[in-house]
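**Student:** Residue strings, one per chain:
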Amino acid sequence: MSSDIRFTDFKSDEQPTWCPGCGDFGTMNGMMKALAQTGNDPDDTFVVAGIGCSGKIGTYMHSYALHGVHGRALPVGTGVKIANPELEVMVAGGDGDGYSIGAGHFVHAVRRNVDMTYVVMDNRIYGLTKGQFSPTSREDFETSTSPDGTNQQPVNPLALALAAGGTFIAQSFSSDSQRHTEIVQEAIEHDGFGFVNVYSPVGDEEFDHDRTDYDAAKDLIMDRDKEYQGVIYQDENSIGFETREGVTEPMTDIPDGAPDDAMDLVREFY
Amino acid sequence: MPDDLNWAIGGEAGDGINSTGKIFAQALSRAGRHVFTSKDFASRIRGGYTAYKVRSSVDAVESVVDRLDILIALTQRTVDENLDELHDGSVIIYDGERTMMSDFEAPGEMTGLDVPLKRLAEEAGGAIMRNIVALGAACEVTGFDIAFLDESLEKRFGGKGQAIVDNNKEAARLGAEYVREEMVVETDYDVDTTDNDLVLLNGDEAIGMGALAAGCRFYAGYPITPATDVMEYLKGRIEDYGGIVVQAEDELSAVNMALGAARAGARSMTATSGPGIDLMTETFGLVATSETPLVICNVMRSGPSTGMPTKQEQGDLEAMLYGGHGEVPRFVLAPTTISECFHKTVEAFNLAEKYQLPVYLTADLALAVTEQTFEPEEFDMDDVEIDRGKVVDEESIEEWTDEKGQFRPHAVTDDGISPRALPGTTDGAHMSTGLEHDELGRRTEEQEMRVQQVDKRDRKVETAVEREDWSCREFGDPDADTLVVSWGSNEGAMRDAIELLAAGGIDVRFLSVPYVFPRPDMTDEVEAAEDVIVVECNATGQFADLVEHDALTRVERINKYNGVRFKADELAEEVKAVLGEPADAEVEAR
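Residue numbers (this note's numbering), protein chains in the order written: chain R, 20 to 289; chain A, 41 to 630.
Calculated directly from the structure, the hints in this document are not laboratory data.
Each hint should be verified, as a subset may be incorrect.
Stated by the list, open to error - Examples of chain R residues lying across from chain A (beta carbon under 10 Å, computed): (1) Phe65; (2) Gly77; (3) Ile101; (4) His124; (5) Gly184; (6) Asn256; (7) Ser257; (8) Pro274; (9) Tyr289.
It should be emphasised that the depicted structure is a prediction, and the values quoted were computed from it without experimental measurement.
Ideal placement from N, C-alpha and C gives every residue a C-beta, glycine not left out.
Produce the entire structure from the sequences given, and follow the hints as far as they go.
**Tutor:** Structure representation (structure tokens):
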């Protein structure tokens, strides 16, 4: 990895088609800056994106990337990182991709704790299909498919992550690009699953608790009245799943034939 | 006296039937005898009839027959379920002290051997060994040297300490002695042994071993009968080669993890069965259109829906050929024997990487959970060749960049195959997507590029048809008027059926097809035959439809979908019925 990488090296020559003022711009810029500032190179970076407005991120960024099927970005990222731990893996998605169709994978990715970063653009509405409610929409949110409100509780992704044993749980505001970049950078540096929920409208405030304090994190996350920005919880002793499983080398290089001792596999069946 | 011995143990699921059967099969294998096994089982952990059957001979055996010579019956139902296969010379070993067997009487002229299995096991150290007592008794009845059983017990229990091994040997000995001293049994079974070193394995294990030989380093899966053995085989072994088995939260995740690993450049695989294939179909189109090399193993079981999870069927052929929306090429390989499960797995990995597409490797329950003996040379690792296809490195990548220096992962080429840059390759960074894309991998809806990319993907199939060997395995009489065609696991039963038919004066030519797509062109063979019969384990004749489509000729069909594999003698009778030949019984009646 060379040290002269600038964040614009992570930009592709495609022009984003997001709506003017969309939080996705700030979110993506922060990801690119954080990747550059942590010494990554586009050729050693793998971005996985889901479906939805957020899914276009892989197109507007320059790196190795896969734009997958709806809701399955996290399993793809898991496979990439385990197969080649030398790659920097960043998964990007939206609230629909991550907390609706992909909610099951989210919980398991959190508890599996593979060393990658998950950035979710949580604007609490479906943008690509033009304005239906999302899993994080509030109960009284009126949309074309919820003219009288959703009549259901919103998903609390931070609480899901904490309950699933998350080791890095953070929230940023896409409007605060400097703080957002810093938080994503910390998520990249975290040894394990770095989860950043990017709240698109403007949120409330910073907080001031010891990030390793689980109970303080819980109280803050369960506070439904406010949206906080910062790293809410971190397990500083976290070790990534692939490391715990003993994976140290990329799995890409294999011999030209069967492994040298492969006849031993046959002899096992005597 | 027939030259094969057919032995079985049956009881309730949870009675240890499977492991006991495997121990006996292993003992026969150690004695240099060939073994072919089959299982009747229910999916519940406990409750429900289950049996493990062993056909054994000094010659190679690769099918089951309708004849049972020695039966260890832990329950009455075991006998009831097998009445058709038992005969006057059969010996039934049972424990009359077991409450449910206290009134048991061997049917007809069969010999019933009442051996106090539980009591003798307790004498040897614990009731849990009652099945081993029965194995000892079976050795005595057949005149099979108990020393081979000892070897098998050492292999099975060696990891648990010498005391456990010794107790089991003692249990076997008590069973043998009891029969020797208390019973008068006249049998003419002569269980010859040979000096052959044989290996005993099932299809799932052969697939797992093939994956390791082929350099598979990443496996993600979700447990499902009857594919779980692949995962369990790899776990604990793949790590020795720097790989991993990941148990995913579901099949949606498993296939996406495997896809991610493949995109990262690892040889990657998942295995599942019908219900999992349905889920993986969601991602299948992405794998294919992003041109990712991936091996998806489908160990078929009876469907639809949950179907009969522990029963045999070849019902997923069309799901694999046509599953998923849109049109995208895929290869479908169907190994026809357990040893071919190994070779076709190696081939599947090479094809996936050479042509950058998903390869379905399909076995079925009959292959997957059946143990069979082979000469170890059948799995010669020196013959394994690895071809990773058009992978570019930092120098050769220059040939594949556009005027701006951007890598073209979907470059339109004459053979349809584009270059592949593994992540980490300098100047190779690129996008892959399920959207239609241009040569750079960027989304496009531009008409000309759309057509070029579709044609390019399809051209890979044409290239593969030209460059690879997609031929059939041929058996029987090449000049016969009757042509039998089958795919997948029916080969063994059909080969034995050929012998039976030939003995009755009926010659057949048999094509066993290991490739469903691309597949061999059988038009000439079909046209040369008077009668064409397609044999398969499904109700609608999915492969027969393909043969008719390819050869533009109607064919006869033999279908079985009651959940049980074909047996050789049954298949021979079915073929005769199609040909209008009298059945065996009718011949005898004349």
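**Student:** For every hint, state whether the structure bears it out.
**Tutor:** To see whether the hints hold, each was checked on the structure:
Interface hint status for Phe65(R): upheld, as the beta-carbon distance to the closest one in chain A is roughly 5 Å, under 10 Å. Taking 10 Å as the C-beta cut-off, the interface hint given for Gly77(R) holds, the closest approach to chain A being about 6 Å. Annotation: Ile101(R) was flagged as interfacial toward chain A, and the flag holds, the nearest CB pair being 6 Å apart, inside 10 Å. Because the closest C-beta pair between His124(R) and chain A is about 6 Å apart, less than 10 Å, the hint holds.
Because the beta carbon of Gly184(R) sits about 14 Å from the nearest beta carbon in chain A, more than 10 Å, this interface hint is broken. With 10 Å as the threshold, the beta carbon of Asn256(R) stays out of range of chain A, its nearest partner Cβ sitting at about 23 Å, so the hint is violated. Annotation: Ser257(R) was flagged as interfacial toward chain A, and the flag is violated, the nearest CB pair being 19 Å apart, outside 10 Å. About 7 Å separates the beta-carbon of Pro274(R) from the nearest beta-carbon of chain A, less than 10 Å, and the hint is met.
Taking 10 Å as the C-beta cut-off, the interface hint given for Tyr289(R) holds, the closest approach to chain A being about 6 Å.
The earlier numbered hints that this structure contradicts are 5, 6 and 7.
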